[in-house]
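From first to last, the protein sequence lines stand for chains A and B.
If you count by the working numbering, then the first sequence holds residues 318 to 571, one letter each, in order.
If you count by the working numbering, then the second sequence holds residues 34 to 102, one letter each, in order.
These are computed hints drawn from the structure, not numbers from a lab.
Remember, predicted model here, so these are calculated numbers, not experimental data.
Just to be clear, a hint being listed does not mean it is correct.
Covered by chain B, per the in silico footprint, the following chain A stretches (three or more residues, Cβ under 8 Å) [unchecked claim]:
{"hint": "1", "region": "330 to 340"}
{"hint": "2", "region": "380 to 392"}
Derived Cβ-Cβ restraints for the label pairs, each shown as a range [unchecked claim]:
{"hint": "3", "chain 1": "A", "residue 1": "VAL368", "chain 2": "B", "residue 2": "TRP53", "range": "36 to 46 Å"}
{"hint": "4", "chain 1": "A", "residue 1": "ALA367", "chain 2": "B", "residue 2": "ARG42", "range": "22 to 32 Å"}
{"hint": "5", "chain 1": "B", "residue 1": "LEU44", "chain 2": "A", "residue 2": "ILE381", "range": "19 to 29 Å"}
{"hint": "6", "chain 1": "B", "residue 1": "ILE49", "chain 2": "A", "residue 2": "VAL368", "range": "27 to 37 Å"}
{"hint": "7", "chain 1": "A", "residue 1": "ALA363", "chain 2": "B", "residue 2": "LEU68", "range": "42 to 52 Å"}
For glycine and all other residues, C-beta sits at the position ideal for the given N, C-alpha and C.
The chain contents come next:
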Amino acid sequence: MSGVLLFLASFLASAVEGVEALTIVLAVGVSRGWRSTLLGVAAASAALAAVVLVLGPALTVIPIRGLRVVVGGLLLVFGLQWLRKAILRASGFKALHDEEAIYRREAAQAAAAGETSGASMDWYSFTVAFKGVLLEGLEVAFIVVTFGSNQGNVPLAAAGAVAAIAVVAIVGLRVRAPLGRVPENTMKYAVGLLLTTFGTFWAAEGAGVSWPGSDLALLVLLAFYAAASWILVRLLTARHAALSLPAAGTAAGE
Amino acid sequence: MTALASFGRFLYDFVIGDDWTAAVGVVVAVGLAALLVHAGWAGWWLPPLVVVASLSLSLWRGTRGIDAE
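Build the full structure now, drawing on both the sequences and the hints.
The structure is reproduced here in C-alpha cells:
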C-alpha cells in the first residue's frame with residue numbers, strides 16, 4: 318500500500334518539477350539553439366547525479382529516528398508551502414501558474430540576450446538551462462532520496478521520478494511547446510497533500526509517536542488533509558467572493 | 034552579495050519559502066508530539082491538528098492584507 322503511495326508521490330512531484338524545467342529548456346532551446354542548451358542540461362544532470370550519489374549513502378548512516386524527524390519535518394514544510402499556494406490559487410487569491418506565460422517570458426529574455434555565432438558556445442543558453450534543470454532537479458533528488466531512504470526503497474522512489482521525467486520529456490519534445498495543458502496546479506495540490514501526509518507520518522514517528530494501524534494511518538492522514546484543505550478552499554472562495562475581488566488570472570511566477 | 038549570503042538566501046527560500054509560519058508550525062507539531070510521548074500519552078492525534086492550524090494561520094496571514102484594499 319505505502320509502496321503505491323511512495324511511487325505516486327515521487328512520480329507526481331517529479332512531474333511537476335520536470336514540467337517547470339522543460340519549460341525553461343524549451344524556451345531557451347527554441348529561441349537560441351539546442352547545442353549549448355542541451356550541454357547545459359547534460360552538465361546539470363551530471364551535477365545532480367553526483368549530489369544523489371553523495372547524499373544517498375550519507376543518509377543511510379544517520380540514525381533512523383533523527384533522520385525521520387529532520388526529513389519528515391522538511392517534507393512537511395515543503396508540503397505546506399505547496400498546499401498553501403494551491404489553496405490560494407484554487408480560491409482565486411493567487412494567480413494560476415501559467416507555463417505558457419513563463420515560456421513566453423523566458424523566450425523573450427533569451428532572444429534579447431544577444432546573438433551568438435552558430436559554432437561557438439552560447440553561454441547564455443548553457444547557464445539558463447543548467448540553472449533551470451539543476452534547481453528543479455534538486456527538489457526531485459531531495460524527494461527521491463528522502464522518500465526512498467525513509468521507506469527503505471530508494472529504487473522504487475527513483476523509478477517514480479525516472480518515469481515522470483521520461484513522460485514529461487517525451488511529451489514535451491514531441492509537442493515542442495510548453496506543457497500548458499498539463500493541469501499543473503491540480504498536480505501541485507495533489508503533491509502538496511502527499512508531501513504533507515508523508516511528512517507528518519515520518520516526523521511524528523521520529524518524535525516517538527506510534528501510529529494506530531501503522532502504514533494504514535497514511536491513508537487516514539491523506540483523507541484528513543484532503544478534507545481540511547477542501548474546507549479551506551471553500552471558506553477562502555466564499556471570502557474572495559464576499560470581498561468582490563476580481564479573479565487573479567494567470568501569472569508567470571512560481 | 035557574497036557567495037555565502039547568496040547560499041543563505043537560497044537555503045531560506047528553499048526551506049522557509051513565502052511564509053515562516055509553516056516552518057514554525059512543523060517545529061511546534063513535532064515538539065509537542067515528542068513531549069506527549071515522553072509523558073507516556075498517545076501523541077499521534079496532535080501533529081495533524083497543529084499542521085492544519087498552522088496552514089489556516091498561514092492562509093489567513095496571506096490574505097488578510099487584501100481586506101484593506
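Query raised in the report: Taking a Cβ-Cβ distance under 8 Å as contact, does the region 330 to 340 of chain A have three or more residues in contact with chain B?
Result: violated (count 0)
Query raised in the report: Is the distance from the Cβ of LEU44/B to the Cβ of ILE381/A consistent with 19 to 29 Å?
Result: 25 Å, holds
Query - Outcome for the supplied range 42 to 52 Å, where the beta carbon pair is ALA363/A and LEU68/B - result: The hinted range 42 to 52 Å holds for ALA363/A and LEU68/B, with Cβ atoms some 45 Å apart.
**Report entry** C-beta pair ALA367/A, ARG42/B: status relative to the range 22 to 32 Å that was hinted
**Finding:** Distance hint for ALA367/A, ARG42/B holds at roughly 23 Å.
Requested in this report: With respect to the beta-carbon atoms only, verify the hint that ILE49/B and VAL368/A lie 27 to 37 Å apart.
Outcome: 21 Å, violated
Query raised in the report: With a cut-off of 8 Å between beta carbons, are at least three residues of the region 380 to 392 of chain A near chain B?
Result: Held - the region 380 to 392 of chain A has 4 residues with a Cβ nearer than 8 Å to chain B, which meets the minimum of three.
Query raised in the report: For the pair VAL368/A and TRP53/B, does the Cβ-Cβ distance stay inside 36 to 46 Å?
Result: For TRP53/B against VAL368/A, whose Cβ atoms are near 26 Å apart, the range 36 to 46 Å is violated.
In this structure, the hints that do not hold are numbers 1, 3, 6, in rising order.
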